[in-house]
Amino acid sequence: MTLLVRGPLSELLDFVRRDRLSGAGAILLATLVLLCLFGPWLPLGDPEEIGIGPRLSVPASGWLLGTDELGRSVLPRIVDGLRSTFLLAGTAVVLTGLFGTLIGLVAAYAGGFVDMTIMRLVDILFAFPPLLLGILIAAALGPGGTSAILAIALITLPLFVRVVRAVALSVAARSYVIAAEVSGAGFLRVILVHLLPNVLGAVIIQLTYALSIGMLVESELSFLGLGVQPPDASLGSLLRLGSVYLTIAPWLVFPAGLLLATAILSVNLLGDGLRDMIDPLRGRPLR
Amino acid sequence: MNPPVVHLDSVGVTYQSRRLRDSGTIAAVSGVTLAIERGQTLGLVGESGSGKTTLGKLCLGMIRPTQGTVQLNGQPFPRHRRELKGRLAVVLQHPEWALNPRLRVGISVAEPLSIARSLPSGKVDATVEDMLSKVGLEPVLARRYPHELSGGQRQRLAIARALITHPQFVVFDEAVSALDVSIQSQVLNLIKDLQASEGFAALFISHDIAVTRYVAHTIGVMYQGELVEQAPASTFYLKPKHPYSRALRLTLAEEDRAAFTFKDTTGSESARGCLFSVRCPWAVDRCFADKPGLRDVEGSRSACHRAEEVGAA
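Chains as they are written, first to last, in the working numbering: chain A, 4 to 290; chain B, 12 to 324.
Since the hints were made in silico from the structure, they are not lab data. Hints are supplied without guarantee of correctness; some may be wrong.
Pulled a few chain A residues facing chain B out of the computed Cβ check, cut under 7 Å [said to hold, decoys possible]:
# : residue
1 : Ser-60
2 : Ser-64
3 : Ala-175
4 : Ala-182
5 : Val-185
6 : Pro-200
The beta carbon of each residue, even a glycine, is placed where N, CA and C say it ideally should be.
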């Protein structure tokens with residue numbers, strides 16, 4: 004495993020050099036995440052201070068991306084919004100990753116009735132249009148961060164389970180798994196020692212795709228007012244508020260939209276790069 | 012006298028056809044009776060789909076027979092595999108998947124020990140190193156990962172893992188088929204030497220009868236799920252008593268695969284007669300009407316009406 008031999012930093016540099024596009028995605032994503040993490044300490048201004056400048060003012064030195072209808076500076080607000088988007092989508096995707104991997108492995112290895120039951124439930128979840136599922140959950144639990152997280156997790160779960168199950172099925176047919184079974188290895192040992200470490204590559208790739216879908220869904224829900232509630236903002240809610248003033252103050256919408264598109268693009272580029280790295284047909288295998 | 016290590020008594024495995032309109036059953040293995048004694052190797056040959064691997068899984072208790080019984084040392088299989096405590100092991104075909112790529116190979120080799128919990132953990136490392144030298148590898152290799160090793164080395168490690176609990180019975184399922192010829196003979200010699208020192212019973216499955224010749228004491232020939240001939244290796248390679256075995260042996264002697272001139276007629280078997288009759292150059296009317304069972308023929312067991320004539324030819 005090269006990672007252990009050469010250290011993660013040199014592996015990352017190698018990755019950037021080999022695959023410029025996804026390297027760029029990785030760097031962009033890292034920059035955005037750092038921006039969100041350290042945003043409060045950067046001299047961007049207070050996202051919630053009202054009347055920092057005139058209302059709906061064009062960009063100027065005190066408010067680099069203009070001000071909104073309450074005279075709040077737009078720049079710190081979109082950084083704040085991006086952080087909410089990352090945080091909600093990220094939390095949801097971590098949940099998807101944990102449960103999706105577990106469910107997929109159990110379905111693949113248990114087989115038979117358990118597999119069939121799990122996969123039919125997953126199919127049912129798959130059948131819901133994503134936004135409809137989000138609205139249903141918001142209606143049941145009330146709008147807010149928690150229901151947004153739950154909605155994103157349930158929307159990204161079905162594909163995740165399917166991918167993990169498919170990879171685990173092929174791993175389970177390998178000689179070392181059969182040899183372990185002959186030696187009397189139990190269900191847990193096979194799943195934890197043999198299957199889990201060998202589906203992780205696929206899990207990581209799938210996590211990046213789930214994250215980009217999650218960010219999109221979070222923005223959609225917030226745009227409809229079903230995500231984070233004021234005074235908190237996410238990119239989706241900023242887009243909705245800004246859309247009212249689209250013709251007179253386009254700086255409310257465009258920077259937020261552009262930031263969201265850039266963030267999702269960077270996640271997708273990174274995901275494509277990781278897939279190319281692991282896919283045996285398209286590059287050297289990651290072991 | 013001790014019971015044989017593995018004993019199959021008229022064992023069959025049938026699968027229910029999954030198609031809705033087709034209520035038929037598919038027999039993967041039927042009516043197989045055989046026994047493998049301590050220190051003996053049964054070489055199992057036959058074409059793809061003849062049921063060799065299924066028979067191997069039956070012997071290991073990985074699948075339950077739908078007819079007949081499988082016994083281990085005269086006992087039925089325990090309910091939980093863990094109770095076997097490493098008495099059974101397997102070595103399979105693909106060296107690239109022989110070992111978990113995420114584990115150091117020493118851990119993989121030690122796995123049957125950790126499952127059986129038969130050894131205090133302090134002694135495991137020494138046992139693994141000992142086993143590695145037994146299969147002709149440097150003990151320092153235990154710290155490597157599988158992708159740092161060659162196919163032959165990985166297959167040796169798979170053998171080390173199989174033998175680390177000193178099993179009574181080992182199945183080698185196409186264990187050398189993916190290796191090139193020089194590595195093949197090294198690994199075959201290794202298996203032979205280890206059997207001489209460890210005394211395990213073995214089932215050696217191969218589609219290649221040149222390979223079984225090196226290691227097997229007895230040869231069994233499978234055809235469409237049935238054992239059609241069983242004979243001591245020396246007799247088998249000199250005078251096969253079944254037309255199918257004879258054809259297999261011809262490919263060996265003449266180094267010419269074209270000698271195997273039968274058409275593939277799978278699915279068009281004579282319903283009542285011998286399964287092989289539609290492909291058999293020796294077939295007479297009786298073969299299409301009357302199914303031959305295994306019978307003793309001059310030291311061999313053959314399922315052919317004309318076994319004596321085939322053997323004499």
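- [ ] Mind listing which of the numbered hints don't hold for this structure, in increasing order?
- [x] 1, 2 and 3
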